[in-house]
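Enquirer: Protein chains in written order, with the working numbering: chain L, 1 to 669; chain V, 1 to 440.
It is possible that part of the hints are untrue.
Chain V stretches covered by chain L per the calculated footprint, using a threshold of three residues with CB under 8 Å from any CB of chain L [said to hold, decoys possible]:
| id | segment |
| --- | --- |
| 1 | 142 to 154 |
| 2 | 217 to 227 |
| 3 | 321 to 329 |
| 4 | 359 to 373 |
| 5 | 426 to 434 |
Bear in mind the hints are in silico, worked out from the structure with no lab data behind them.
C-beta: ideal position from N, C-alpha, C; glycine also.
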Amino acid sequence: MSAAVNSRQYIIRFIFIGVASVILLRLFFLQNFESKYKIMANDIAIYKKVVYPPRGVIYDRKGKVMLSNTVIYDLMVTPRNMKGTDTAKFCAAMGLDLPGFLKIMKGISIRNIDVRQSTFMEQLSPEQTARFQENAFSFNGFELVERNIREYKNETAGITLGYIAEVSPEMLKQPRYLTYRQGDYAGRSGIELQYEEVLRGQRGVHFLERDKFNRPRDPYRRGALDTQEISGKSLELYMDAELQSYAEKLMANKVGSVVAIDPQTGGILAMVSSPCYDPNLLRGRERAKNYGKLYREATRPLFNRATQAMYPPGSTIKPMTGLVAMGVGAITPSFGLGCYGSYNYCSRSIACEHKDAGHASNFRHALAHSCNSYFCHIFRLTIDYKGFASTKQGLQKWHDYYIAFGFGRKTGIDLPFEKEGNLPDTTYYNKLYRGVWNSCTVVFVGMGQGELALTPLQMANSMCIIANKGFYYTPHFVKSIGKNANDTLLKPYREKHLVLNIADSSFNAVQQAMQDVVEAGTGVGAKIEGITVCAKTGTAENKAIVNGAVIKMADHSMFVAFAPRENPRIAIAVAVENAGFGATWAGPIASLLMEKFLKDSVTVKRKAIEDKMTKAHLINKYVYTIDSALRERDLRNYNARVLRKHLADSSSRYDDSVMVMRWMNRRFK
Amino acid sequence: MSSLGKSLFSRIDAVTILLYVMLVVIGMLAVFSVEHRSTDVTIFIANKNYMKQFVWFGYSLLLGLLILLTDSKFFASTAFLGYTIGVAVLILTIFIGVDVKGSHSWLGVGSFRFQPGEVCKIFTALALSKFLSLPETNFKTLKNRLVGVALSLGPAVIVLLQNETGLALVYFCFILVMYREGLPNAVLGVGIGIVALVLGTLLIERKLLFILLTVFALVVGWLLRSVLRRNMEARIVLIGGWLFCILFSQLAVPMAFQHGLKQHQIDRIYSMLGKEIPVEYNKGVADGDEKKTNASEYNVLQSKIAIGSGGLTGKGFLNGTSTKNQFVPEQNTDFIFTAIAEQFGFVGCLVLIGIYLSLMLRIIFVAERQRSDFTRVYAYCVASILFFHFAVNMSMTIGLAPVIGITLPFLSYGGSSLLSFSILIFILVRLDADRHAMIR
C-alpha cells in the first residue's frame, strides 16, 4: 500500500467531519436564529379551547335551590366516521325526515372538513336524547356532547331571576362585555343580568395540541399555560321560595304585582309581577321562540310590574301624607276635620266615601276610614304651611320628604331597569300649569291621585319606613355572594337610610291608625289572628288611552301593610290592576301572604278566601283592547329586531366562512 | 478460530456495538415520542410502531448473534454467490414487486414486505470487498477499475428501473470506497466540480453562468500562461474543461430537466434550492394557470418548522407539537430526525450527530487496523453507506438536499431497513474479531 493511497483515510475522515459540520452549522442557524419557525409551529399546532365554568347557583333564604344548572346534550357528527349508520333509523330516532337530514349534512360539509366534528343538532330534547342513547352504538360518527344550561327549580320568580342568552353584537360593543366573545352567554335580565360578573365565574383557557386535521389532541406542554376555569359564585337570596310561589298562585289570572320586604334588612321576601311565566321557557333551544310569544302577549309578562309599573298609589299614600304633615308641623295627630261626604274647599267637590260625622275627628279616625277630605286638607295645610315662604317652597319641602321616602327616584334595588315613578315638583307643576297654581290645583296628590305615580316596590319600601319608624335599607335580593355576606357588591345594601325630621310620636300615630284600618277600618278583611297588622287600603282611579280616547278604567285595587307592629318582619305592597276596591282583592292577598310568612301556613278558616283569591280571574278586557292598539307598533318593533338579529347572524356566518377559508389557505399554501 | 487464544466475544469491538445500540435506542424513543398519546394507559401497545421496531431490534440482535457465530471466512467465500443471488432477486422484483407509493421495489412474502434494494447493499459491499481483495486484482488498471464501478453501480441501475431513485443513489457511495483503494484523486475533484456545476446551473441564470465560466477559464489561463505555453496537454484540458462546462450547463441540464426528470423530482430539487420552478421546467401547468402548489415544498417546510421550533434545548420529551401531530410527512421513517430536533433542540442534534460521527470514524479506525484487505474494504463500504444515508437524510430534513426516500440508519422506523443495517454492522464486527487473520 503506497503512502499516497494510505493517506486517503484522512481525506475520507475529513469529508465525514466536514459534512457533519455543515449540517450542524445549518441546524444551529435554523434552530437558534430563525424564530419564524417557532411562531409557525405554534400557529399550526396549538388550539385554544375555552372552557366555560358552571354559572353560580341561586338559593332562597332557606337554602332551597331556585336556579341551578343542568346538563343537556348537543349532537355532534364527524362525517368521515359515519360509515355504517342507518340513515333512515337515525332520522326516525331524531324525528327528522330525509331532506331535513341531508340539508343539515350539506350545511356541515360546506362549513367544515369531514374529519372534524361539527354540531349536528343543538340542545336535544330529553326524548331525542333518550332515543339516541338507545341506539347510540349503531349511529357511527355521531356523539352526544354535554352542555350546561340553567334550570329554574320551582318555575317561580322568572322575572326576578331573569334569564341568560347569547350576547348580541350590540352588547359586545359595550365596555361591560369587553371580555365576552360572540357565542358567549350572559344574563339578559333580572338577577342574572345584575350579578352577571359574579355568577359567570371565570372562563378557563386550555391550550391543546391539534393535528394536521385540526383535531384537538393532548394538552399543550401538559397544561402548563392553561388557566383553570373558576365556577361562578352562588347567591343566597332573602327570597322565600315557598312564599314566592304562594304569591304567584294568589296572583294567578290577575294583572298586578306583589312586593314583600323584610323591614329589618331590606331583603325582598317575594316579588311577583303578574301574569307570571314559567322561566324554563326562556332557556335552551326554544328561548327565542318563547321569548317572541311572551313579548307579544297582551298582558306583558316580560314587563316587571313590581319595579317598572307606575301606579297612582291611591289611598295607600295617606299614611305618608300624614307623616309629612306632622313632620313639617302643619298638624298634630289630634287634628280633626268635619267631613260630610265631600271636600269643598277648593271650589270643587271631592267625594269621600264616608258621610258620618266624626269619621275624621282626628288623624287616627281619618286614616282608618280613609277620609279623602281630611288628607286633601292636610296636604294643603302642609304645602301652605306658614313656616314656608310660599306654596311652591312648601311643595318643594313636601317633595324633599317624599324623595327621602324613596319616591320619585330609583330605590337602588339590585335589579336592572328599575323605574323612578313620578314625583311632581315645582318645576313640574310650573311647566304643567304655566306657573299658575296653588295648593288647590294639586290637591289630589294628598290622596294619592293626580300626578303622583309609584312603583309597588316604592310602596312596599314606604311601609318599611313606617314599620321601622324612620329608616329603611335599600330593598335588595341578595343576602350573600358565595357565602360572603360582606361582599363589596352588597355594601350599598348595608347602609341605613334615615328619614329625618319626623318624630317617633308621629310614626306611632300613623302605626296606630294603620292598626285601626285592619281592626275597625277599611281593611278588616286583612286581619290575622294573633298578629297586629298595620295596613292601608287603596282604590286608585286610573285612565287609559284606547283608540285615541281617554277612558276611565276600573280602579286599581291597592294594599300596603306591615306586621307584626311590635316587631315588624314583613312589609308588603299589593297592586291588582283594574280589579276594584283595595279591600276586596289586594287586601286579602296581602293578608294571606303575611300570614303564610309569619305563621308558615294559612289557617283552615281562611281557605275559603284563599280559594276565592286563587280562582278569581280579574284581567280587564281593556288590557286586550289597549294591546291591540299597541300591538301593531310592537309587531313592527319585533320584526325589526328579528331582522336585525338575522342580519347579525348572517354576518357571523360570513365570518365563519372567512375563517375556514383562511385556515384552508394556510393549510394548502 | 481463536488466533490469539482469546474467546470470540472478547475480541468483538464493543465501541461499535455500543454506538449501534445507542442509535437504535434513540430511534425507538424517537418513534415512541411521536406515537405516544397522553391518553394511552400503557406503553406496551402491540400495533404502535415503536413496539414493532422493538421487536425488529430483537430480531436484529438474534441475527447479529447468528452472524457472530458464523465463521468469518464464510462471508468472503460466499460474496460473489450472494451478489449473484441479490442481483437476481433485484431483477425479479421488477416483475413481481408490489407497488408501494409508485415504486416497484418491494417484495411481499406473506404479510412481511421488504426492499431487495436495501438488502442488496450488503451483497454489493461484500462482493466489492472480495473483488478488491483478490490477489489477482490490480486496481491500478483501467479494466479492474471499470469492473469495480460496474459491480457497485450495476444494482443501482436495476433499482433505478424499479423507480426508486433514492435507493439507487446510495450505490454511488461505493465510489468513496474505491477512492480509498486507489481511484485517482481527480475522481474526487471532478465529482465535486460536477456537483458545483449542477448547483450553479440551477441557481444562476444561464447566460450569466456562461459569462462567469468563460471569465473563470480566461483568468485560469492567464494565471497558468507559462504552463500553457509549454504544455499542449494542459491547453487541451483547459479548453476541453471550459467546453464541457458550457455544454453541460447550456444543453445537458436543460435537456435533462425537460425530458429526463419527472415533475416530482424537479419539484424536490427546486424546493431544496428554495427557488420557484422556472416555467420551462414546469410540466404540469399550461400557460396562464395558477402557480402549481409544490407538495414537496410543503413537506420540507413542515420539517423545517419542526426542527426550527426546537430551539437550543428543544420542547422537551413528548412535547413535540409538530412531530406528534402528523404535520411532518413520513414522520417515523425518512423524517424521524425532526422528532429529535424538535424535542431536544440543537443540543440534542449535536449529541446525535456526535454519536453518528463517532460510529463512522470508529468504523474507519477499525478498517485501518485490519490485516486483510477484504475486511478493510468492507469496513469502508459500511462507513460509506452510513455516511451517505446520514448526510442525505439530514440534509433533506433541513432543506439542503432534495427529498428522496433515504432513511436514517438505525433510527428510522422500518424492519427491513433496521435489519439490513444491523447485518452490515454485525458482519463488520465479526470480520473485525478476526482482524489478525487473513480473510479472502
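Enquirer: When the hints from earlier in the document are held up against this structure, which numbers fail?
Expert: Hint check: 1, 2 and 5 fail, others pass.
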